[in-house]
Amino acid sequence: MIPRKKLHLLLFMLQISYIFGDYDTSIDNLLLSTDFKENVIDDSFNVNEKFSKVDKTVENAKKVYLPQTTTIDIPEETTTSVFESSTDPSSEGEKAIDINLQIADINATFANVSWNYEGQNVTFILKDDLEIKLQIKLNKSEKYQEINNLEPCYNYIVELILDDEILNKNFTKNFTTSYYPPGKPNKLKSFANQNNSLRIEWVKPKYASNCVKDYKIDLDLTHMENKHVGPAYTNETFYEFENLYSCTVYLVSVVAVDSSNSESDKVATIESVPTLATISQSPVLSNATQYITKNSINVTWNAVDPSNNCTLKEIYFNCSWDKTHGMGYDVFNSNVTVSIENKTIDELQHISTIVDNVSPFTDYICQALIKNEAGSSNWSTPVLITTEEDLPGEPLNFQTYNKNHGIEFTWEPPKIMPGRFIGYRLEYTWEPLYMVPTHCRGSKPKRKVCSIPATNKSWTENENEISAYYEAKLAAATSIGVGPYVFSKFSSNKVGIPSTVTNLQCRTQTSKEDLKLLDTILTWQLPCSLRGNLISFSVEYSGERDCEGCSPHKGVTELNIEYDITNPDEVFSINLGELKPAYNYTFTVRAKSTASDDYGDPSLINILYPSGLPAMLPADYIQILGMGDYRMDHTSRSATLLLPIFDDSNGPVQFYAVMVTALSPHNWTSEGRWNVHKQGWPATFSWKNASDNDFTLVYQATVPFWTLKDAEIAEYGGFSAVKYTVGKDTTCAYMEFRSESKAYCNGPLKPNTWYEVKMRAFTSDGYIDSPTFRIKTDPELNLTLTIGALSGILLIGFLLTVVFGLKRFSLCEFFNCARLKFRRTPEPNPMTIRKFMRHCKVIKDNPGKLSNEYQMLQTLSLDLILPCNAACLRINRSKNRYSDILPYDFTRVKLSILDGDSATDYINASYIRGYSGRNEYIACQGPKSDTCYDFWRMICELQIEFVVMLTNLVEQGREKCFRYWPHMGETVEYGDIKITSIKTMYFGTFVKRCFTVERDNYQKTVSQLHFVKWPDHDIPDGYEQTLYFVKYYRNQLNMRKGLSVVHCSAGIGRTGTFIAIDMVLQHIENHRRIDIFRTVYGMRRDRGLMVQRESQYAFIYFCVHYALKNPALYETMRKDSLSTSIDSMIPLCQSSPQASPKILMNGLRHSQSAGAIDTRSDHKRIERYNSEGYAIILYMKILKQLQCNQSQKNCFVPC
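Here the sequence shown stands for residues -21 to -1, 1 to 1178, where the numbers follow mature numbering (1 follows the signal peptide of the UniProt record, and there is no 0).
It is possible that part of the hints are untrue.
[What the hints assert, rightly or not] Cut-off 20 Å, straight-line C-alpha distance, at most; resulting in silico cross-link-like pairs (SDA-like, lysine to any residue):
id, residue 1, residue 2
1, K302, R404
2, K707, P727
3, K185, N172
4, K873, I956
5, K939, R897
6, K702, P727
7, K152, D108
8, K939, R856
9, K814, Q837
10, K702, D612
11, K168, D108
12, K427, T417
13, K192, E242
14, K116, Y133
15, K702, I601
16, K292, T216
17, K814, K971
18, K657, P727
19, K350, L264
20, K106, I140
21, K436, Q488
22, K152, Y133
23, K168, R178
24, K350, K394
25, K559, P531
26, K495, E537
27, K688, V655
28, K657, R404
29, K971, Q922
30, K148, F217
31, K907, G879
32, K468, K495
33, K183, F217
No lab work stands behind these hints, which were simulated from the structure alone.
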């Protein structure tokens, strides 16, 4: 049996051997030694301690290892030594012992201890301030001890106890191991606590924990960049962070920091547990626009809580009413819950919440809260929101009363008023029970709206229609609008006089029966308030003139209406005949209806009546002046006479003219209506014209607008007269007859010749010639000798001619040639209307006569062939539709040059002089597809407003003209010109189109008159439709002065015929003589081959003849304006859609018309007009004058 103590020691040694890893066989000797008792370890020694207390004696012991689990490599430079002699700390008097205890080669885990003692065995102890780390018994031969596996940065104590019974001393020495970087902290953990705190705990590093001064702890958000918490420092092995984000997982990092504040490269990291959930902060009202209506509130919230990452669930929005500003309706609270799960941060910043079913015009207190996984937040800051107003309810008990002074409306206020009550809106309309003209609705509307204050419960309208049907409606209004209406209907039919007639106008026109007289035409329309059926009109006139012997002139007439009025815009008229000239007249018209026995309110118009023709001169005055003719001075080239002065009884005489001609067997007195201020000075021949025609023409010897201020006034026999010398001017400038400014001249007369002289006097509206005064110039001296000499010269010349002729021809041939040379068909002279009518009868009976006249025109036109160089240029040839129809260079239209190319100024168009002698027309070919731009350039550059088109686009299968205009409502562009079609009207035989033309800053309206019934190289079927077309053109053009473009296909045949008819009709209107031959010849001077066919030339004659033969038709077409309303598209009267009948008379075509019938009454009559402006005679007896051909289906009667 092993004794207990030995067994105990054996187990201890085995444990030591196991810990240090080094087994020494001497232990067995120790177990068997007899000195075992002395070496037994004290019972107090705890073998379970990490570092045990060991009493060990080992033979030749060199190294001792402290227990460790990991080997640490220590760099050599970290090794240090402690050299210090140890002296026995014995008291004074005792002998000091120095064993020279030294510690060398100290590094982080190693130290070498040495001593010098020759005595007994020693006990080696390694310890710290708290415990013994190592205890070894060494024999006396061992002088050093190596210690391994020390703790870095640890303070150790080495104690050496001498095993000497005498001395029994111990020696100690302290040392500290070197620095070694600490390892990472172990067992890092996190714990979530209240108040958004997070506690972090860890265990010290396994090695070099004594080198740790502090620990650095950092927190980073795992879901957000650049969000860092810390660092925090502590020397404990735990740390608690507060005020962190709720429901947030952090990335925790802990690293050791040494005394030099250097961080270890060993970092311990973990993801923390989530912080505890907390409620979110209250939502914040966004700055976004709030949308408030009468029944809903829409506001936007910011639900983002930067410190709370807990999952949001919903936002709860509540609005509770505080006060309502309206009345008569229930008030409701409202709330809404909006889910906000899975919303992004941007979306959470703009959470829209809408509550419906709130009440209008009410104050609401609105708040919101947010719910997350921790619960509900606090309420947001309350916000006061007022809902929008709503429309009010309808007024109650709306009644209408017909009062003597007007109409009274009464009502009760509405019960429901969800807004600021601003008043009422009363609207009523009326429809007169009797006829009302259309234009009246502009001055007195059919509809009236009244704004009534909110305090009113009634309203009175004083100026109401007496006879009308009313519909009224009333509504209350808040500041946002008008509420529902209540309605009332009623009629008002009371007695009363009509109001004034409307559109009362007065005009004067030349009488159809006597061109020297005037007709005074009054026109008017129905009153705006007739108040009954129309019975009659009363027409009064009263005139006065401030002159000696001028008495007032008055008259009254009553016009009964014996038919039913069906057209509210009917125009009534009366012809009062000619009134007194130069009187100031007041015309009064009143209407009478079945509503009253009295006439209505008067409508007045004042005019200054035109002056008449100057009054005829007394015979005795003329006789006295005639007696003075032979007492005046006469020469061979001039003669002086006395001319009369006209009185002002028919209006002030403003101008005079002295008219002269050679003694004539005919009476050439002229008189007529002529307004010199509007029509200009009437065209007359000049002295040059007369002298070229042996003074057979009547010429004007004075300048235009000649007054008595420029005359010499003489007194003879108590009478005043003008002393005037005819032939006084010795030289006269020549200007042709139709030039723009004629040179009137009192040129010299022929010797020994009788002349007739008349004084022509002008008022503002007419002129008249005085009786004829005859004068005779004196003969020239040596007249006989002069005549003899001239006769001899002529005889010699004749004989020389005969001799020369006989040398070349036989006698017979000579005389035949001479006869042919001197035989010439005379050119037709200008004709009066009467002579022209006879001439037309002659050429109708003898067509060859007109043919000869046209051939003469063709022959004379050969001399008019002028250069056409521009048209013949190679670059311009393609612009001509026909190669032989070219414009003359001096009359062609020149366009502006584009881009420096001179050829761009060419277009096949020519200026044509008109009746005034100025350029009035442009005759051109029908545009081609490649010349449309040039055509519209001409329109823009010359500011053309009228285009006359006389051809169709395609005739007989060939293109005659390219369509250069757009379809209705469309726009076409040629280059920089844009043309838009804005209106199209159809008039049977022609079409009127209106275009807007735009180019850069230029914009103008252009009208096109397109005659569609004129065949190529031919004439239209009837004269009437052509005359109507020409006069329509002239009436429209008179309202727009300027050039007009006329074209067919080539621009000569139909174009020339149209222009010629228009010019000749102007001659007739101005009482000029008719000269078709010279009119056409003059046009051919401007453009070749104008009036291309003989049939077209004949058509001009018989068109004019037809106009003169049918004066009623002609005068109807002479009305100042023609309506372009839809009525104007309807023929006068066409009982079937067939064309008008045509009657052939000697090869000439014309149409029957009611215009040929004289519908004038002998008495004053009332007329009405349709919208075309045609007069319609009311007397039924006029209809009996209409002659209809019973064998034909069509008959023209008034529409």
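Hint check:
Simply put, K302 and R404 have alpha-carbon atoms about 29 Å apart, too far for the 20 Å limit, and the pair is violated. Distance check on the hinted pair: K707 and P727 sit about 6 Å apart at the alpha-carbon level, within 20 Å; holds. Under the criterion of a C-alpha separation no larger than 20 Å, the hint pairing K185 with N172 is inconsistent with the structure, at around 29 Å. With a CA separation close to 18 Å, the supplied pair K873 and I956 stays within the 20 Å bound.
Simply put, K939 and R897 have alpha-carbon atoms about 30 Å apart, too far for the 20 Å limit, and the pair is violated. Using a Cα cut-off of 20 Å, the hinted pair K702 and P727 holds, with the two alpha carbons roughly 17 Å apart. Only pairs whose Cα atoms come within 20 Å are accepted, and K152 paired with D108 is accepted, the gap being roughly 12 Å. Note on K939 and R856: the hinted pairing holds, with a Cα-Cα distance of about 17 Å set against a maximum of 20 Å.
With a C-alpha separation of about 24 Å, the suggested pair K814 and Q837 falls outside the 20 Å cut-off, and the hint is violated. A threshold of 20 Å between alpha carbons decides the hint, and for K702 with D612 the separation of about 11 Å falls inside it, so the pair holds. With a CA separation close to 32 Å, the supplied pair K168 and D108 exceeds the 20 Å bound. Distance restraint check for K427 and T417: the Cα-Cα separation of roughly 17 Å lies within the 20 Å cut-off, and the hinted pair is therefore satisfied.
With a C-alpha separation of about 10 Å, the suggested pairing of K192 with E242 holds against the 20 Å cut-off. Under the criterion of a C-alpha separation no larger than 20 Å, the hint pairing K116 with Y133 is inconsistent with the structure, at around 24 Å. Under the criterion of a C-alpha separation no larger than 20 Å, the hint pairing K702 with I601 is consistent with the structure, at around 14 Å. Proposed proximity of K292 and T216 is contradicted: the alpha carbons are some 39 Å apart, above 20 Å.
Only pairs whose Cα atoms come within 20 Å are accepted, and K814 paired with K971 is rejected, the gap being roughly 37 Å. Taking the CA atoms of K657 and P727, the gap is near 33 Å; set against the 20 Å cutoff, the hint is violated. The hinted pair formed by K350 and L264 meets the criterion: a straight-line CA distance of about 16 Å does not exceed 20 Å. The straight-line distance between the Cα atoms of K106 and I140 is roughly 13 Å, inside the 20 Å bound, and the hint therefore holds.
At most 20 Å may separate the alpha-carbon atoms for a hinted pair to count; K436 and Q488 exceed this at roughly 59 Å. With a C-alpha separation of about 14 Å, the suggested pair K152 and Y133 falls inside the 20 Å cut-off, and the hint holds. With a CA separation close to 8 Å, the supplied pair K168 and R178 stays within the 20 Å bound. Of the pairs offered as hints, the one joining K350 and K394 is violated, with about 43 Å between alpha carbons and a cut-off of 20 Å exceeded.
Taking the CA atoms of K559 and P531, the gap is near 10 Å; set against the 20 Å cutoff, the hint holds. Only pairs whose Cα atoms come within 20 Å are accepted, and K495 paired with E537 is rejected, the gap being roughly 28 Å. Taking the CA atoms of K688 and V655, the gap is near 18 Å; set against the 20 Å cutoff, the hint holds. For the hint linking K657 to R404, the alpha-carbon distance of about 54 Å lies beyond 20 Å, and the restraint is violated.
Taking the CA atoms of K971 and Q922, the gap is about 19 Å. The hint holds against a cut of 20 Å. Taking the CA atoms of K148 and F217, the gap is near 46 Å; set against the 20 Å cutoff, the hint is violated. Only pairs whose Cα atoms come within 20 Å are accepted, and K907 paired with G879 is rejected, the gap being roughly 24 Å. A hinted pair counts as satisfied when its Cα atoms are at most 20 Å apart, and K468 with K495 does not qualify at roughly 60 Å.
The straight-line distance between the Cα atoms of K183 and F217 is roughly 10 Å, inside the 20 Å bound, and the hint therefore holds.
Hints 1, 3, 5, 9, 11, 14, 16, 17, 18, 21, 24, 26, 28, 30, 31, 32, counting from the list given before, are not met by this structure.
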